[in-house]
Structures are given as structure tokens and as C-alpha cells.
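Put the complex together from the two separate chains, hints included.
Going down the list, the sequences are from chains A and B.
Residue 1 is where the first sequence starts when you use the numbering used here, and the numbers rise one by one after that.
Residue 293 is where the second sequence starts when you use the numbering used here, and the numbers rise one by one after that.
Treat the hints with care, since some could be wrong.
Simulated coverage check for chain A against chain B, where a stretch passes if three residues somewhere in it have a Cβ under 8 Å from a Cβ of chain B [claimed, not checked]:
1. 138-146
2. 231-244
Heads up, simulated DSBU-like pairs for lysine-lysine below, C-alpha to C-alpha not over 30 Å straight-line [claimed, not checked]:
3. A:K104 / B:K711
4. A:K97 / B:K378
5. B:K443 / B:K453
6. A:K54 / B:K333
7. A:K104 / B:K571
8. A:K118 / B:K333
9. B:K453 / B:K435
10. A:K134 / B:K711
11. B:K541 / B:K448
12. B:K571 / A:K134
13. A:K97 / B:K711
14. B:K333 / A:K134
15. A:K104 / A:K54
16. B:K516 / B:K454
17. B:K501 / B:K453
18. A:K118 / B:K571
19. B:K711 / B:K333
20. B:K541 / B:K453
21. B:K333 / A:K104
22. A:K97 / B:K384
23. A:K134 / A:K97
24. B:K443 / B:K571
25. B:K384 / A:K104
26. A:K109 / B:K571
27. A:K97 / B:K333
28. B:K333 / A:K109
29. A:K54 / B:K591
30. B:K571 / A:K97
31. B:K516 / B:K541
32. B:K664 / A:K10
33. A:K134 / B:K378
34. B:K634 / A:K134
35. A:K134 / B:K384
36. B:K493 / B:K460
37. B:K377 / A:K97
38. A:K104 / B:K378
39. B:K377 / A:K104
40. A:K134 / B:K377
Note that these hints are calculated values from the structure, not bench results.
Glycine included, each C-beta is placed from N, C-alpha and C at the ideal position.
Now for the letters of each chain:
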Amino acid sequence: MRREIDFMGKSKIFITLSLILISVSLVSIFTKGFNFGVEFTGGSEIVVRFENVKITETDIRSAISQISDEFATARIVQVRSVGDPANVLKYSIVVPKTYEPDEKQRVQKELERLLPGKVVSFNEISGTAAEEIKRGTWTAILVALVVLLIYITVRFRFVFGVAAIVALIHDVLITMGFFSIFGYEINVAAVAAFLTLLGYSLNDTIVLSDRIRENMRRYRGRSMINIVNMSINQVLARTINTSLTTFFVVFVLLLFAGSAVKPFAFGMTIGTVVGTYSSLYVVSPIVVKWSK
Amino acid sequence: MRGDRVRFVIVLIVLVGALLALFWPSKKGWTSNIRLGLDIKGGARIEYLVEVEEGTENPSDVVDDVWTILRNRLDAAGYTEASVKKVFRENKSYIVVEIPGATDTVQAERLIGSTGVLYFAQVLDEYNGEDPYKVPELSFEAKREKATWLKGRNGKWYLVKKEIMGRKDLVLEAPRIVYARPEVETRTGRYGYKVSFELAKEYVEKFKKITQALYVPEGTYDPKRRLAIVLDNVVQFAGQVVAIITDGKAEITGNFSLEEAKQLAAILRSGALPARLVKTSSGWVAPLLGRDVVDASLKAGIVGLILVLAYMLIYYRTMGIVADLALIYNTILLLGVMAAGKFILTLPGIAGIILTIGTTVDGNVIIYERIKEEMRSGKPVKTSIAAGFDRSLSTILDANITTILTGLILYYFGTGTIKGFAITLIIGVLGSMFVSLVFSRLLLDGLAPLIRSPRVEEAQGGSKR
Chain A
1 MRREIDFMGK SKIFITLSLI LISVSLVSIF TKGFNFGVEF TGGSEIVVRF
51 ENVKITETDI RSAISQISDE FATARIVQVR SVGDPANVLK YSIVVPKTYE
101 PDEKQRVQKE LERLLPGKVV SFNEISGTAA EEIKRGTWTA ILVALVVLLI
151 YITVRFRFVF GVAAIVALIH DVLITMGFFS IFGYEINVAA VAAFLTLLGY
201 SLNDTIVLSD RIRENMRRYR GRSMINIVNM SINQVLARTI NTSLTTFFVV
251 FVLLLFAGSA VKPFAFGMTI GTVVGTYSSL YVVSPIVVKW SK
Chain B
293 MRGDRVRFVI VLIVLVGALL ALFWPSKKGW TSNIRLGLDI KGGARIEYLV
343 EVEEGTENPS DVVDDVWTIL RNRLDAAGYT EASVKKVFRE NKSYIVVEIP
393 GATDTVQAER LIGSTGVLYF AQVLDEYNGE DPYKVPELSF EAKREKATWL
443 KGRNGKWYLV KKEIMGRKDL VLEAPRIVYA RPEVETRTGR YGYKVSFELA
493 KEYVEKFKKI TQALYVPEGT YDPKRRLAIV LDNVVQFAGQ VVAIITDGKA
543 EITGNFSLEE AKQLAAILRS GALPARLVKT SSGWVAPLLG RDVVDASLKA
593 GIVGLILVLA YMLIYYRTMG IVADLALIYN TILLLGVMAA GKFILTLPGI
643 AGIILTIGTT VDGNVIIYER IKEEMRSGKP VKTSIAAGFD RSLSTILDAN
693 ITTILTGLIL YYFGTGTIKG FAITLIIGVL GSMFVSLVFS RLLLDGLAPL
743 IRSPRVEEAQ GGSKR
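Just chain B, with the same shape it has in the complex (with noise of 0.2 Å):
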């Protein structure tokens, strides 16, 4: 049977792949292959939407700004394990702030909240090391400048000064800044990307006073005449003043990526958030209730598959095996696949799983029917299965086809955990059409000796089975 060697080979890659991608040796042991949303291992979720004033030329990138501007607050307050996603629905964009293991939504909603302020400040020192304030020579500096210690984006310290060189009349906060965008640098000796800005009018005078006071001239290096850019109290950027900016124009050098350049124009767009968000729903869970209900939820899934796999043993024998294999196969595989596609295990993703059970068996029972008929009409076993096969083909596209179809509106039109479900159902059904038309073909064909023909039925008699 060539047909069967091929499915063999394809069973056995399959199967293969959905281990590896399940027991892929990672550092904290095999289940940390599944990502499991939040409300299964405990954190918090918060929705804004972002409001962008009417007339904006381009929404999308406000929106970038937006993200860009929180990542960094986010990073900067120690979340750096949290998640922030741009999502765009009904026309609408939102921003989802997800934060694993916060056992509340406070904090991280009061640092979003805030109105983020963007200056212009002299650097007079850096420190590579731990909290400057902990040091007595460093705290007493500062107090000495009346200068204040900032972390930077690159984690160093840098002790920088509002009043640029003691000036009142130079301090630059929140200048509104016309635009900023990162451009291919053109230099020689130079590569990658800069980022050129131009300030409004109002601000252009006192940006040239302020580039005069700390120029100093290309190839010198004068650690305490630095520029720096802070955004919600950390140092973004720091580096010498190279020209006397006259008309606002200004270049940031510094041999940047592009995602570096894109991040930095972002900043310096962003003097505070370039959007209103609007808080839609926040919520989190502790991680203590959502293992009672993945625990509760475990349980159900194995005591009805065990109910599953004892039912179709007793009713269809050997053929029975069979099912049960393609059940415990199509698990593992539903598994593997969500492993390997890094989909997110939300509760609801559990039910379509118990829920894959159901149609796995589903596809099974079919094509047992069909063979059923026929060895009943008294065709010797192996042209029963190789018929029950092809007839039961369209009955089963047709009713995977049907779930899937409605997989594809939930996820279309469902929000956070509800696509969870979809995914797991689409995958799940996927599965069992895989499962039932070449897995247990295969097997089926295997153990055809092994099956019992059921008596032959006379042409019109009353007899059962």
C-alpha cells in the first residue's frame, strides 16, 4: 500500500514536530512552550483608546508615537516585562497595556495616565553604577549643581540641570516641536540613521541662545557642556551641541538604528502624549484564582476525555482504538501547534479544547458509520474502509468547513480571551480533519485484520445488527 507508507511518513513528521515544539528544552521546563494569557497565570490588562485630535494628518503614526512614548514609560518604571499592543478595531485604534504577574492595575495605570513632560537639560556628570543617591560624594554634588540625578535610556546616571548653564531665561520644557524624523545619515565616516527635528517659531530664539551656551567645536570633548533630552524624568539622549542652531533646524547624530532613529523622532514628537486616552476597561487577576480554575478546568478535560475514550472503546472495539488514539494524537498535536505559533492559552482557549475532543470523535464516528454500512452490504473489510473513506469525505469537509467558518467570525469580531477560543477551535478542527483523514486511515488500515464484520444484512429483512 504506497498510500499508506506516505500517510505513515507524514503521521510520524507531524507528530514529531508537535513533540519538539511542545518539549523543546527551555529553562523553565516544558509548559512554558504554551504562552498562557493572563487570566490563567495572574496579571493585570488595561485597554485605552487613543483619542487623536480631528484633522490629524496621520493617525497611525500618532498612535506609533503613543506606543513608543509608553513602552518607555513602562521600561523606565520597571515594567519591563509587560506588554504594550497597538489594536485597531471598528475604525478605532486602542492601546493594550498587559502586565504578567501585577497583582493590581494602580500604578500602572496612574504612570500611563500622567501627562509625560519633554525638556531640554545640561549635563554636567555621569555615573555608571548603581542608585547615585546612595553614594555620599554623588548626592552631595548634585545638591551642590542644584542639579538632579536622571537615569538614562542606556543606564547610565547623568546629573543634569533645567537652568542651562545656571540660566533662568534658558530653560526649554515642552517646546512644541513642528517635526522629527529619523533620515539615512549621508556623512562620511558616518552610517546608519539621524534624527532631524525643527522647533515652532516661539521656541527658536531661545533654542539658539541655548546652543550657544554649550557649543563646543566638532572634535573637541567637554563632558560638562552636553545637551540632554529628558522625557518623563529619564535621559533619552545626550551629546555634544556640534552648530549654533540659528533657525530651529537641528540634527541629532549619533550613528543610530533606524529603529533607534524612529524611537528618538517619536520622543522628541512626543513633548507629552500626542493623544488622549480614554481608559475602556482594566482588570486583572490574581494569579492564585486563575490556577483554582485552570486546576477545576484540568480536571473536567481528563475525566471526560477518560468518559470519551472508555465510550467509544465499548462501543466500537477495535475500531474504538483507533479513535482513541486520534483523540490522544490530535491533543498532542492542538498542543504542539499552539506551542510552536506562540498562541496565547486563555480560559476559554481550554474549553475548545475539551471542545476538539468533541469533533475529533465526531470525524471518527462518521467514517465508522459509513464502513459500518458497508461491510454490512457484505464487502470484505479493507474495500469497506478504503469506501467508508471516500464517502464520508464531503460529509466532513462540510461540517469542519461550517466550524471553521464560524472560528473565522469569532476571531474576527470577538475581543481578548473569546479570540482565544477561536484560535484554539480553528486549530482543533484543522486537527481532527487531519487526524481523521490520514491518521486514522492509517491506522485503520493497520488493524483492518483485526476488525470483526458485522453479520451481512439481507436485502430488506428487520434484522439489527
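Pulled out of the complex, with its shape left as it was, chain A reads as follows (with noise of 0.2 Å):
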């Protein structure tokens, strides 16, 4: 065998970490919240593209307040890749409004002659809509644990199953948390993040609880805490091999994408630190302590 690691013996450290992270998260969560996109609030999302013009937020602001009440109040944010030309500036401006089609074309006309720039996306979500992606979005989740859960259950045992969703619940959360405390606007593709990030994590479980199990067989008569964290070590190279290269592509992609991928790919991002640390240290104890 080669250099065996210690994972179990230090797992007591490993657990505090966590619930540190998690309650910071839920702290952010609660009392500092969401970005939500326009898809879960209802309403209309306008970028307005500027080339070769200097412009703020402040700037933006006091020139739109002028059309309605809504643009006094919209949201404006600077939206950048780092694939923009350096003359070209773009700020979403979000409003709690939709519009007939007539209004819709002089909002359109009033932020042109107002603005130096051109609107080049103008999307709208209504509030019934919304709230049908919101309970879309929800039941995709519930929909993929529970899967997933029998999935693991069935294949394995149910405290892997269990252990795996605990990892699971762990790593939503605490990437969660960093999108609240980033900021981060979660929209439909952040979710589709949390649901890859999902597979992901359990990927990592399933490796490492294949070789749990394969070991229990060989080795029988071991105490449980040896088998584990010989699996671990055994599957080390692999997973640390697995979650480099993947974290290499989903960085890279959250330095240069655009905005539209940009939550996805800061949910990926902090989803493979994270998802690969609980498989190694949240997995574990869980396994052993129900196994004795």
C-alpha cells in the first residue's frame, strides 16, 4: 500500500468546517438573500449595449428615471465578458413590469433617445410564468434526490444513499451561500448548475462508495473505519485527477464567458471544491458511524 492519508482521524476538524460554512451560508441566505433572475420574479430584463460612450450606473439611472415610476426604482447592473471589446459597455436594467406591445416599443424608443446606446435584449417573464419556473425549478430538485436516493439505495446500500444526500444537501447549501454572499444572480442556468453540480457530488460518492463496498467484501473482518479510509486513499489520485480537470474547465469558463453562462459557471466552479471535499470528508463519517 502506499502513504495512507488519516482521513477518519481527522474528520471531527473536517465536520466543524462544515458547519461553520453552512451556517455562514444559511446566515446569508436569511438575512442577505438572493439575486434572483427576471425568470423567478416576473418581469423585464432590457440590456443596453454602449460603444465608445463612458457611462455609470448613476449615469443610467437618473437619465431613465424619467420614463416611469418603475425606472426610477429598476435594477441596474453592469453586465461584462471578458470576450467584449474594451469600447463596449452593457447594463441590464430590470424592472417588476411587463409590457403591451405598443408601451413596449416606446419604452424601447424613450431608453434609445435617453441613452447613447442601442438595446439590444429586451425579455420579459410574466408573474405567472415565473412562478411556474419556480415551482418547476423546486420539484426538479426534489424530483432528483428522491431519484437519486432510490438510485443509490437500490444499487448500493441505503446509508450510502442517505450519506450521498447529506453530501448533496451540504454542498447546495454551501454553494448557495456563495451566491448569496457573492451575489451572483440565480437564474435558469444557475439552477441548471445546482442540478449538474447534484450529479457531480454524487459522482464522487458513488466512486468512492463502489470502493467502500468492494473492499468490505475483500476485506472482511477489518474495522470499518480502516476499509474507509483505505478506499479513499485508493481513490485519491483518481478523484483529485477528476476534480482538477474539471475545475480547470468550469474557471476558465467562468473567466471568460459571457453573462448569461457566468452564474453557471461560478456554480460549477465552487460546486467541484466543494462537492469533492464532502465526498471525502462528509461521505465518510457518515458511513462508518451508521455501519458500527
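This is the structure we're talking about:
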């Protein structure tokens, strides 16, 4: 055997770390909340593109507040992707309202009259549609959790399933915490990131569970701690290589990709780190404790 | 090795298939083989909830009618490249209109939101060519007859007049139609389908007078006495009245195909839109914006890919070459399937492709680590490879099936672009399994002589590799 790292011996420290991270996340989620995209709140998002003009959020706000009350309170965020030419600025203006065709044309004209830029996208989602998207998203996450729990229980044992789900909830909570802390927008792409994250985190957990199961058969009589430790060490190279390569990909995506994909890349970047960590330090203690 | 020969043939066939799908010559060059979502190429998308009145017998027929009417309206207004889709979600029906390249949704929204009017009219003349109002005699003729040139669905122009035979009491506008349906043509000498319809009681008398006024005996032809059905200012149909209809039950014959007959029936049923349309979302992306994002994402993909390729090469040496080739192979495969299956590539879809890089690497890493373990225990390279594949099979299956399950759930519950992501994810994961188990196996067997065995480890010693 190669040098063994005693993962289980340090599990107390890591459980404490996880608990701290989760608490911080929960505090931020409940105090600061999320920056939800229009898909979840309903309303209109208008992106205005400026070329060769220096303009700030404040300039835009004071200009557009003339249009109507909604625009005085609009959320204005600069959107930027690395691929943009240096002389291009883009701002997203979000108002909690949808428009009739004629009104929309008027708003668009007003914006282009008041601002030295061009409207390049105008998206509106009605309140009911937003409700539906929200409901669909929650259903998707819940259904995914249940289906995965059933799959693992069938393929492995219930305890592995429970451990995997705990790890998943751990990962999702912490990733959501990061979204809240950094104020990243939660849009539909971010939800896709969460669900991929579920699959990814699970992937890690399954590779480990698979090895633990195999070693339990091969080394009957050894203590569970010993087996889990040995298994983690055996899959460690794989875990690190896979996580590292996935991390490269999503991190580069986070740096380069445009605003629409950014929340996805952010979620995945945090997710790969937290997911790897949780499969090593969250899953194993649960399996060990439960199997005693 | 027979197994390898089979693998070689499969790998080759799949590769050729993928390349063919990707590079099959088309007018616009190879990129047009992959269909791009509106969020990438720019365009408008409007989604409506179809509110069918409660108690309607066949709600899905109503949705079909709405679809036909909208399709006709968009065609008539020149939005021929628009797509109209019926979508069913959570027990509700939606109609999604997508117009590639459109720079706003306002025109289309106005067009769709308008309540169309169906009326019967008399055809006075017809004309085959460009705008008749640009031809002095024709526009003069319209003025003289107090009639209007309207375009027909068949592309011809018709001079129509609502007041049949000039009589104000013979105007039949927005009649209620009890039923209208396609029927098989049974009379000899004719084939295909006809459309039969019945007018509601209150219109029977007027319709009888109209048919009396326009009646021409069968076999004769009077171009100035034809009856037109006009919807949304488009002449949907124009034909001779060959019988006086006294009971409001009429037939339109014309050797229609089933599709034509269905459409005509739907148009008749539709005086106006048969259901309320509630706009649930609408939006458009300027092509400019989409291109910015794609450029950035592509750059990210290429940089990420290069990093991963380099890492695998450094860490696994010979086996790293296999992993790198597997990665490239799977990317080609994914794009090929996207092209062949006519799946739409959306922005989250690009993210899905990039993620595929991760899962492909994972499959290979799982296998390589097993192979290394086998080699460390002293087995020869060839045996280690076979054992490594056997023992990692269940891990790879479990790991990927869970991802596919997530993908399916995303596809089922997701909307719009998320579906695009789920599709690339599922295809990518299936591909990565194929690549890990078949492609990599083939290459590893071939490269076996080049793979160096790590030092054999003593039973319980503490040495590293």
C-alpha cells in the first residue's frame, strides 16, 4: 500500500469546518437573500449596449428615471464578458413589470433617446410564468434527490444513499451561500449548475462507495474505519485528477464566458471544490458511524 | 484480438458517421449543420398560454386551431421563417413563436394579439403578379368596383368585395360555425378530401341568399361570381358555388390533401381566435449580443480543453495521449449527434459541452487508476488493461447513470434553454461512456507495448510510486 492519509482521524475538524460554512451560508441566505433573475421574479430585463461611450450606473439611473416610476427603482447591473471589445459597455436594467406591445416600443424608443446606446435585448417574463418556473425548478431538485436516493439504495445500501444525500444537501447549501454572499444572479442557468452539481457530487460519492463496498467484501473483519480510510486513499488520485480537470474547465469558463453562462460557471466552480471535499469528508464519517 | 477488431470497426463507423453529419455539404457551410438557438444567433421568442374556455369538448383541437391561425397570420405577414410550436406543460397548453433574426417582438405581438375576422366575399377578378396597387389599371379597377385586392394563400391576388353582388344585406362577417371538418371525397372523378361545414342557425337564411346570388350551374364557369373565404385579410379559399345551400350545411370541394383540408376546416372554425392567448414571456436577443457571448464561451472552451489535455498528458504520459484523443473523439461525436439529431445548441448547451470534457476525463481516469493498481500488483500490462476495464465498468456505469438521470429530470422539468443544456449533457455522458469503454480500450490495447509499468510494490511496504 502507498502512504496512507488518515482521513477518518481528522473528520472532527472537517465536520466543524462544514458546519461553519453551512452556518455562514444560512445566515447570508436569510439576511442578504438572493439576487434572483427575471425568470424567478417576473418582470422585464433590458440590456443596453454602449459603444465608445463612458457611462456609469448613476448616469443611467438618472437618465431613465424620467421614463416612469418603475425605472426610478430599476435594478441596474453592468454585464461584462471577457470577450467584449474594450470600447463596449453593457448594462442590464431590470424592472418588475411586463408591457403591451405598443408600450414596449415606446419604452425602447425612450431608452434609446435618453441613453447613447442601443437596446440589444428585451426579455419579459410574466408573474405567473415566473411562479411556474420556480415551481418547476423546486420540483426538479426534489425529484432528482428522490430518484438518486432510490438509485443508490438499490445499487448500494441505504446508508450510502443517505450519506450521498446529506453530502448533496451540504454542497447545495454551501454553493447557494456563495451565490448569496457574492450576489451572483440566480437564473435558470444557475439552477442547471445546481443540478449538474448534484450529479457531479454524487459521481464522486459513488466512486468512493463503490470502492468501500468492494473492500468490505475483500477485507472482511477489518474495521470500518480502516476500510473507509483505505478506500479513500485508493480513489484519491482519481478524485483529485477528475476534480482538478473539471475545475480547470469551469474556472476558465467563469473567467471568459458571457454574462448568461456566468452564474452557471460560478456555481460549478464552487461546486467542484465543495463536492470533492464533501465526498471525502462528509460521506465517509456518515458511512462509518452508521455501519458500527 | 477479435474484440479489438470489432471495436476498431465500431469506432471507425461512429467517427465517420459523426463527421458526415457535421460536414455534410450544405449551402451555408458546415456550421449550419448544427442548429443554433435564438440566444446564440439572435431573434425573438414569444410564449403564450392558451386559455381554452371551460367545458370545451376537445381542448387539443382548439390548440391546433390556434396554431393554424397563427401560422397563417405569420406567413401572411411575411414571417415565413418563424416557427410556431405547441408546448404542453403542467396540464396547460402553450404556443411558442420563435422568429430568428427579428430585432423586436412588437410587430409579431401585435399580429398575434389581433383578433382576426373571417368573412365571406365575392371575387370579382384575379391577378397573378406583384402588388396590383402598383398597376394603374388594377388599382383603378378596385376603385371603380369599390373592392379590395387581397393576397390569397396560393400567392395570387384576388379582387374581393364584402357586399356580395353589391348588396349591403348580403354581408356575412364573423359567422358562427357549428362544425367544420375534413371528409374523404367519395364522388367519382374526384379524389382526396373535402371540407364540410355547418353554419349556426342565425346565418342560414343569409347564406342561402348569398349562394342564390352567386350560384352557377356545375360545369359552367363565371370568374366574376366566385365566393371567397377571407381571414385576416388573406383570401383563404375561392371557388364556385355549385348549389344553393338552404340548410346552412355546405361542402367545399377541391381535391384537397388531408393537410389542406384540415387547415381550411380550422380556418372556418376560427372566425376569430378560438381561445384567449395570454403572453407569459417574450424576449429577443440581438445577434450582436449572442455573438459576443459565443466568442467568449468558445475561447473558454478551447483554453479549458488545452489545459485538460496538457494535464492528462503530463500526469498519465502514454495513457494521457489516449485520454486526449478520447476527449477530442467525444467532442466530435457530441457535435455530430447534435447535427444529426437536429438538436438546438443553446448557450447553456455550450456549457454542457464544456462539462462533457470533465466527464470524459473522469471515465478515463477511473480506468487508468485501476490499470495502474493492477500493474502495481505485478501483473503484465496487457492483463492489467483487461482487468482494469472489467473492474471499473460498474463504477463508470453507476457514475454516469446518475448523471443521465439528472439530465433527464432537467429535460423534463426544464424550460427553453435548460432543455438544451440537458440534451448536450445526456448526449455527452452517453458519448463519454462509449469513448471510455470502447475507444480508449482499443487505443490502450494498441499502445500497450509503450505503457511503462510502475514499480511493483511490495506487499505492505510504504514506498510511493
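How the hints compare with the structure:
1. 138-146: Holds, because 4 residues of the stretch 138-146 of chain A bring their Cβ atoms closer than 8 Å to Cβ atoms of chain B.
2. 231-244: Result for this restraint: holds, n = 7.
3. A:K104 / B:K711: Judged against 30 Å, a Cα distance of about 28 Å means the pair holds.
4. A:K97 / B:K378: Holds, at roughly 26 Å.
5. B:K443 / B:K453: Given pair K443 of chain B, K453 of chain B holds - Cα atoms ~13 Å apart, limit 30 Å.
6. A:K54 / B:K333: With Cα atoms ~28 Å apart, K54 of chain A and K333 of chain B stay inside 30 Å; holds.
7. A:K104 / B:K571: The hint holds at about 13 Å.
8. A:K118 / B:K333: Measuring from Cα to Cα gives roughly 18 Å; hence the hint holds.
9. B:K453 / B:K435: holds, 11 Å
10. A:K134 / B:K711: holds, 16 Å
11. B:K541 / B:K448: holds, 28 Å
12. B:K571 / A:K134: holds, 18 Å
13. A:K97 / B:K711: Status holds; Cα separation ~26 Å.
14. B:K333 / A:K134: Judged against 30 Å, a Cα distance of about 27 Å means the pair holds.
15. A:K104 / A:K54: holds, 26 Å
16. B:K516 / B:K454: Answer holds: K516 of chain B to K454 of chain B is near 14 Å, not above 30 Å.
17. B:K501 / B:K453: holds, 16 Å
18. A:K118 / B:K571: At roughly 25 Å apart (the allowed maximum being 30 Å), K571 of chain B and K118 of chain A satisfy the hint.
19. B:K711 / B:K333: holds, 17 Å
20. B:K541 / B:K453: holds, 23 Å
21. B:K333 / A:K104: The hint holds at about 22 Å.
22. A:K97 / B:K384: Holds, at about 23 Å.
23. A:K134 / A:K97: Answer holds: K134 of chain A to K97 of chain A is near 18 Å, not above 30 Å.
24. B:K443 / B:K571: Holds - the C-alpha atoms of K571 of chain B and K443 of chain B are around 29 Å apart, at most 30 Å.
25. B:K384 / A:K104: Holds - the C-alpha atoms of K104 of chain A and K384 of chain B are around 27 Å apart, at most 30 Å.
26. A:K109 / B:K571: Cα-Cα ~22 Å, so holds.
27. A:K97 / B:K333: This hinted pair holds, its Cα atoms lying about 26 Å apart.
28. B:K333 / A:K109: With Cα atoms ~23 Å apart, K333 of chain B and K109 of chain A stay inside 30 Å; holds.
29. A:K54 / B:K591: Distance ~26 Å between K54 of chain A and K591 of chain B Cα, so the pair holds.
30. B:K571 / A:K97: holds, 13 Å
31. B:K516 / B:K541: holds, 24 Å
32. B:K664 / A:K10: holds, 28 Å
33. A:K134 / B:K378: holds, 22 Å
34. B:K634 / A:K134: Holds. K634 of chain B to K134 of chain A sits at ~29 Å (cutoff 30 Å).
35. A:K134 / B:K384: Within the cut-off at roughly 16 Å; holds.
36. B:K493 / B:K460: Judged against 30 Å, a Cα distance of about 20 Å means the pair holds.
37. B:K377 / A:K97: holds, 26 Å
38. A:K104 / B:K378: Distance of about 25 Å is within 30 Å: holds.
39. B:K377 / A:K104: holds, 24 Å
40. A:K134 / B:K377: holds, 23 Å
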